[in-house]
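**Q** Residue numbers (the numbering used here), protein chains in the order written: chain X, 505 to 804; chain P, 2 to 445.
FYI, nobody ran anything at the bench for these hints, they're computed from the structure.
Just so you know, these numbers come straight off a predicted model, no measurement behind them.
Don't take each hint at face value.
Okay, derived cross-link-like pairs now, DSS-like style, lysine-lysine, Cα gap no bigger than 25 Å in a straight line [to be verified]: (1) Lys127/P to Lys429/P; (2) Lys445/P to Lys558/X; (3) Lys445/P to Lys583/X.
To give an idea of the chain X side of the interface with chain P (calculated C-beta under 10 Å), a few residues [as the list claims (entries may be wrong)]: (4) Val538; (5) Phe548; (6) Asn552; (7) Val573; (8) Ser625; (9) Leu651; (10) Gln653; (11) Asp736; (12) Met767.
Take a look, some chain P residues computed to stay more than 10 Å from chain X by CB distance [to be verified]: (13) Gly53; (14) Thr87; (15) Gly94; (16) Ser112; (17) Lys179; (18) Gln204; (19) Asp239; (20) Glu244; (21) Leu275; (22) Gly305; (23) Thr311; (24) Ala417; (25) Ser420.
We treat Cβ as the ideally placed atom computed from N, Cα and C, and that holds for glycine.
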Amino acid sequence: MASPVTAGRGVRDAGPSGWLAAPALIFFLVFAVVPLIGVVFLSFTSWNGLGEIKLDGLSSWTTVLTDPVTGNALVVTAKIMFFSFIVQAPVSLLLGVFTAGAQKYRAALAVLYFLPLLLSSAAVAIAFKALLDPNFGLGPGFGLPALAQDWLGNSDLVLFVVVFVIAWQFVPFHTLIYQGGVRQIPASLYEAAEIDGAGRFRQFWSITLPQLKYTIITSSTLMVVGSLAYFDLIFVLTGGGPGYSTRLLPLHMYLTGFKANDMGAASALGVMLVVIGLGLALLLQRLGGKNRNASQLEGV
Amino acid sequence: MNGSEMNIRKLRSAAMAISAAGVAISLAACGSAGPAGSNVSSDAATMWGLTGGNQPVLQKSVDDWNQANPDKSIKLDFFANDAYKTKVRTAVGAGEGPTFIYGWGGGVLKSYVDAGQVDDLSGFLKDNPEVKDRYLPSVLKNGEVDGKTYALPNNNVQPVVLYYNKEAFDKAGAQPPKTWDELMALVPKFKDAGIAPFSLGGQSKWPDLMWLEYLVERIGGPEVFANIAANKPGAWSDPAVKEALTKIQELVDAGGFINGFSSIAADSNADQALMYTGKSAMILQGGWIYQGMKKDAADFVKSGKLGYTTFPTVPGGKGDPANVVGNPSNFWSISAKATDAQKKAALDYVKDGMFTDANTDALINSGAVPVVQGIESKLEASPDKDFLTFVYGLAKNAPSFTLSWDQALSPAQGDAMLSNLDQIFLKKITPEQFITTMNATVGK
Chain X
505 MASPVTAGRG VRDAGPSGWL AAPALIFFLV FAVVPLIGVV FLSFTSWNGL GEIKLDGLSS
565 WTTVLTDPVT GNALVVTAKI MFFSFIVQAP VSLLLGVFTA GAQKYRAALA VLYFLPLLLS
625 SAAVAIAFKA LLDPNFGLGP GFGLPALAQD WLGNSDLVLF VVVFVIAWQF VPFHTLIYQG
685 GVRQIPASLY EAAEIDGAGR FRQFWSITLP QLKYTIITSS TLMVVGSLAY FDLIFVLTGG
745 GPGYSTRLLP LHMYLTGFKA NDMGAASALG VMLVVIGLGL ALLLQRLGGK NRNASQLEGV
Chain P
2 MNGSEMNIRK LRSAAMAISA AGVAISLAAC GSAGPAGSNV SSDAATMWGL TGGNQPVLQK
62 SVDDWNQANP DKSIKLDFFA NDAYKTKVRT AVGAGEGPTF IYGWGGGVLK SYVDAGQVDD
122 LSGFLKDNPE VKDRYLPSVL KNGEVDGKTY ALPNNNVQPV VLYYNKEAFD KAGAQPPKTW
182 DELMALVPKF KDAGIAPFSL GGQSKWPDLM WLEYLVERIG GPEVFANIAA NKPGAWSDPA
242 VKEALTKIQE LVDAGGFING FSSIAADSNA DQALMYTGKS AMILQGGWIY QGMKKDAADF
302 VKSGKLGYTT FPTVPGGKGD PANVVGNPSN FWSISAKATD AQKKAALDYV KDGMFTDANT
362 DALINSGAVP VVQGIESKLE ASPDKDFLTF VYGLAKNAPS FTLSWDQALS PAQGDAMLSN
422 LDQIFLKKIT PEQFITTMNA TVGK
C-alpha cells in the first residue's frame, strides 16, 4: 500500500523538532561556513603565510586564472573524475548486487572485499608505491617484465594507475552502499517476476536497477564530488607528478598554498573547488528527477 | 512550569556548559603538557628535528642535555624533510612554531626575519664569543640576514658529492668522470653493461636541482646564481643556465638516468639504494647520504666499494672546479614567539649543549663533518677518515660554497623552479621556456 499523503497540516507538526539539526548546523557553520568566508576573503589578498595579509584586489584571481597549471589541473581533475566514475560505478554496482545475495560464500567474500575500507589513504598509497616501484616493486621482484612498467613515472600511464588505486580503495565503500540498497528491495518483486517468467538478467534490468535509482544517485554524487577531494592518496602516491600529470585541483591548491606559500592564489583555487563541487552536487540531485516524492514502491 | 523552576533549569544548563568548557580546557592543557610522567614541563623549549641522517645524534645530544639540566629541558620531535618544511612554516605563521626552528638559511630564513618571527642572535654572539669562535666562519655567514645573525649552524657541512659504486665501475671497466665529456661517454658504457649510469630521486624534485646547480656553477661560475638570488631582472637568461639545461636534457636523452627516475623518492632513500645495490653506477647527492649508507649498507661502505669525487668540469667553463654547491650546514633559529624561559633554555643549550666533545664525536662517528674549527685530528682518527677529510677539504678549500637554490630563493620562486626543472627532466618544456617562466618569478 502506498503511504497516505499527509496534507493540510501545519509545517510545525510536519516532523521532528528542527532543533535536532542544531548540532550539525553549528558544526557546519563553525567548520565549513566560517572558514569558507575566510577563504573567499583571502582570495582577494596576497599573503605568504607569515607576514602581513595585504588586500590585493583581483591579482590572485588573475594569477590563478591565467596560470596554465590551473587549466591543466582542471583537465586532470575532470579526467580522474570521469575515469573514476566509469570504473567504480559499474564494478561497485555489480559487486553490491552480488554480495547482497543470501549465500554464505557471498557473505565471506563481502568481508574480504570490504578490507580496503579499513586502510587509511596514506597507507594504501605507500603500499602501492612500493608495489609499483620500477626497480624494487612487484614486477622486478617476481621477474615479471609485464609488471615492470614505470607505473608512476610515465606521464601517460600514471593517470590510469591513480584511477585504479582510487578504485581499489573506494569500490568497497560503494559496494556497501549498493549492497544495502539491494537488500531493501522487497523480495515479492522478484517472486512476482519469476512467476511471470523473467530471467535473471531481466530481473536485474527491470527491477534491481530501477529500484536502486536513489542509491545510484547517492553513490554517484559521492563518487563525483568525492573525486574533487582526492588529495591524500595522490599526494603520497605521486606528489602530483611526474611533471603536472596528476596534479589535480585540490593538490594544486595545497602545493600553491603550502609549498609556494601563495595563500591568496591557493584561496582562489579553494573557492573554485567549492563552486565546482556545489555545482556538480546540485546537478546530480537534479538528475534524480523533479518528482522526488514519487514512490518507488507503487503497488507493492 | 513556574518561574523559579525555569531559573533553576537555566542555571543548571549554564553550569553544564561551563563545566564542559572547563573539561575541554583541561584536556587541552594535558595535550600540551605531553605524556604524564615525562620530566618535560609545559613551558619546556620545543625543538623540531629531521628524521634520518643526524636524528640519533641530535636525540642523544638533547637527551644528555635534559638529563643534566632538568630545569631547562627541551622537548624534541622529529619530522620527515618534505613534511617538515610545510609544517614548520604553517606553525610559525600561526604563532605555534617550536622554540628551535630548524632551517637552511637563505630565502626561507629571510622570510622569517621579514615577518619578525625569529630572534636576532647578534647580541648573544657578542656576549658569548666562544660560541662564535667555534664555527667555520664561512658557514656561520649563512645564518646572517642584512649583517645580523639570525641562525646558528647546528650540525655538519653538506656539499653535494658525486658518489659511485666501485664494483659497477670495475664491471664496466670505467673510470670516474673528470669532465662532462667523459661523463657523457660513460653513459653508453654502463648501459651496455646493464647498469643504469645515474640514480636520481626525481619525484622529490630537489635532487634534480643538484644537476642544475653544479652545471651552472661549472659553466658560468658562482656569479650566475648570485645574480638570480639578488633578484636581478632577467638573471635567468644568463647563457650558462641555458647551456646547463641543454646538457641535462642531453643526458636524459642519452638514457643517463635510471629507468623510472621520476617516480623515485629521495626521502625514502631509494635513490641511494639503487647505487649501492649496483643497479646504477653513480648518484649525485648531498654529503648527508653517506650517513644513511653507513647505516643501511654498512658492508658496502666498510669494504671500500663506495667511491666519491667532485662534480666533473665542463670544458670552456668559467667556474673554479674547486667550487661546491650544497648546504653549508643546518641551522637553529630561535622563535621570537617563545616565552622567556624557553628562549633562555634554548640559548643555554646552544651555548653549552651543542658541539660538546660528545656531540662533535657523535657527529663524526655518524659519518658527518661538524661545522666547527680544529677537528682535523679527530677526523683523522675516524674510521671514515677518507670520506670525512674529503668533505672537510672540499668545504674548506672551496672559493665559493653556493647554498642549495631552493633554499636560497624565496619559497615561491623555489617552488616554481623545482616544478619547472622537473618538466625539463621529463622533456615537457625546453630550456627557453624554463628561462622565460623563471624570469617572470624574479622578485616574487
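**Q** Now, for every hint given, state plainly whether the structure supports it.
**A** Hint-by-hint comparison with the structure:
| no. | hint | in the structure |
| --- | --- | --- |
| 1 | Lys127/P to Lys429/P | violated (52 Å) |
| 2 | Lys445/P to Lys558/X | holds (15 Å) |
| 3 | Lys445/P to Lys583/X | violated (32 Å) |
| 4 | Val538 | violated (16 Å) |
| 5 | Phe548 | violated (18 Å) |
| 6 | Asn552 | holds (6 Å) |
| 7 | Val573 | holds (8 Å) |
| 8 | Ser625 | violated (15 Å) |
| 9 | Leu651 | violated (13 Å) |
| 10 | Gln653 | holds (9 Å) |
| 11 | Asp736 | violated (13 Å) |
| 12 | Met767 | holds (9 Å) |
| 13 | Gly53 | holds (17 Å) |
| 14 | Thr87 | violated (4 Å) |
| 15 | Gly94 | violated (4 Å) |
| 16 | Ser112 | violated (6 Å) |
| 17 | Lys179 | holds (28 Å) |
| 18 | Gln204 | violated (6 Å) |
| 19 | Asp239 | holds (24 Å) |
| 20 | Glu244 | holds (23 Å) |
| 21 | Leu275 | violated (6 Å) |
| 22 | Gly305 | holds (25 Å) |
| 23 | Thr311 | holds (27 Å) |
| 24 | Ala417 | violated (7 Å) |
| 25 | Ser420 | violated (8 Å) |
Checked against the numbered hints above, the structure violates hints 1, 3, 4, 5, 8, 9, 11, 14, 15, 16, 18, 21, 24, 25; every other hint is satisfied.
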